[in-house]
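K.L.:
Heads up: the protein sequence lines correspond to chains A and B, in order.
Quick note on numbering: numbering that gives the first Met the number 0 labels position 237 of the first sequence as 236, and the sequence is numbered without any gaps.
Quick note on numbering: numbering that gives the first Met the number 0 labels position 177 of the second sequence as 176, and the sequence is numbered without any gaps.
Some hints here could point you the wrong way.
Claimed, not checked - Subject to a maximum C-alpha distance of 27 Å in a straight line, what follows is the list of computed DSSO-like cross-link-like pairs (lysine-lysine):
| id | chain 1 | residue 1 | chain 2 | residue 2 |
| --- | --- | --- | --- | --- |
| 1 | A | K113 | A | K84 |
| 2 | B | K284 | A | K246 |
| 3 | B | K263 | B | K283 |
| 4 | B | K283 | A | K246 |
| 5 | B | K27 | B | K48 |
| 6 | A | K113 | A | K123 |
Everything labelled a hint here was simulated from the structure, so no lab data went into it.
Quick caveat, the model's predicted, so the values are computed rather than measured.
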Amino acid sequence: MEQQDSPPLLELKHVTKIYGGGFLNSENRTVAVNDASFIIQEDQPRIVTIAGESGSGKTTMTRMLLGSVTPTHGEMYYRGKDYRKLNRRERRQFQLEVQPIFQDPFESYNPFYKVDHVLHAPIKNFKLAESKADRDRMVVESLQMVGLQPDETLGRFPHQLSGGQRQRIMVARALLLKPRVILADEPVSMVDASLRATILDSIQNLNRDLGITVIYITHDLTTAFQISDDILIMYRGNVVEYGDVAKVIHNPQHAYTQLLIDSIPQPDPDNRWGEIVRATGTEMVGTGRQTDIFGIDAEGERSYEEVEPNHFVLRGGIEMDDRRAGEHTPAEPLQPDSMNPVSNPSLLR
Amino acid sequence: MTTATPESESPAAPEQNDDVALQVEGFKVYYETPRGTVRAVDDVSFSLKQGERFALVGESGSGKSTLAMGLMRLTRPPGHIAGGRAVLKGQDLISLSDEEMRQVRLRDMALVPQGAMNSLNPVMRVGQQISDGIIDHLPEDEPKPNKAEMRDRVVALLDRVGLQPMVARLFPHELSGGMKQRVAMAIAISLSPSVIIADEPTSALDVIVQRQIMQTLGRLQEGLNASVLLVGHDMGLVAQFADTVGVMYAGKLVEVAPVRTMFKNPLHAYPRLLIESIPTLDEKKRLVGIPGMQPSLLNLPPGDVFAPRSPLKFEPEDALVEPKLVEVEPGHWVQLSRASVEDFDKYAHLVDYG
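All chains, please: the whole structure from these sequences, using the hints.
P.N.:
Spelled out as structure tokens, the structure:
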């Protein structure tokens, strides 16, 4: 292999994760992520959104990126090194450079410790500070970076802070480790709309001011559009469309992306939803059965078409819709038949 | 309506209107705590017309869910209904006995709960849960359906919410979130109530499923000509669904208006900021929230409680005046305060603040 000057920070090559299945148990196979590839370059710090609904595979993707789930097929590289072959020192550096922020900040706290504890713990674990004074200076700096007043937050217990403050402390904690990548998994789904803006704004600042790459994992396309540069739309384990966020959102090519964007409740009473034409297969009986009304193969290699610069769409499956999903002639709002294993044999596959 | 409400100073006072399904006047739900009284819902008045979709919105802690639960008389201690009336079909729900209220539920007024996953019985088949509701709340003068009639009824209800007959034999854990919410809707409409209260019915659902559920709820409402009180915080959902919007802040209604008026020309600063802060898919702009926090509802100071967050310029004494909810044009009510309403002077003649 040719030696490159600087390998990308993170690279995924044809990564697939299959749960269950195995010998004599092919019925319960779930393809959580199928043949996903992408690259995070260090010299172009961007905000990349992985968007999808429940069951789309975005959580599995996050866990694989963090190294806590190993892919079934495919390779993952951190600074050119295979995830599975990191030595002790590289592993420690990986843990410093790739930092997660989770959904519910309250669950990340021990209610009996003051919030100072969550900030001191990583400094201690990674031996980042030389002295107490050094440690305190780092804590104050990182709190200020996310727009918090140290004297209003330190010395308090988690329940004495607002949800927005708690979530921003988690961002501050991640910052202590001077990460290159922050994985933010639904960081604002538990907070009120008015606080959402503040948290997302502080995440955006990290990218702009500190050059940190942010991978924003969400189901909310509106905030994704507002803060990110690039987006990957996931549907049942597949990346169905990806590229520049404005291009994907304003000119969606895949039928699933079109339906998804069309279903976002726009805050405009004069622009209401049309009747929905097809069920998406998201409402099914039980779990584990894979059906796909978009005609995407459950497994196999993916090929993408570049419809315009930096805008790719999954080839295959059903014909691309040139009409937007919501503007079809009114039809059956929901096809209950699609949920019936008897009339829909694909459910039994 | 038999109960007359003369000289009531409540803003939405009825004019003996036959098309009003639910008349709420001066409704109060308080929580008694060792540190004082929490006025979760304080003197709220509005009317829900027959066939109307009324959305109650506000931040968490604004009292919207407490109000909805209070109207169903499902407030739990230490909360209690501290005053007011809620008149449905000529009877004040607040004065009913517990047994009389139980009869009203489901038959006249039904609830589609928040997170149907937790409201269905996990060890009972869906069909059984639907028929139990029907049997429990059926009027005495109506004959109890036999087994075959009941089965037909359950199947018909499932069909109306877009579910197959086979769902009747399933247990809740075999259903997806959207299907559970559909079952909750089937139960809610089982006795054709005139008022349906839907408390954040889609809060845990994916966006496409949310759309399907809201469209189903809309069809059911039209089919029954029922009134829906939708409680939620998602302004987008409200714009898609409601005819009328009421915005709550710190236990009070600050503005009630037809949906277009609310989104195009809100008068109170709070709904205005709430609507301005919604991110859209049209253009990228810096995300802005509403500065400040909702006040603690414990021992609230008198006056305009939104004033500390209001972006308007005003004199400190303006914030001390207790603002009144006033009808500024037909169907458009605003809590008039110099501190929070930019066009206050235009409407100053409607109030007497001295």
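K.L.:
Which hints, by number, does the structure contradict?
P.N.:
Violated hint (a single one): 1; every other hint is consistent with the structure.
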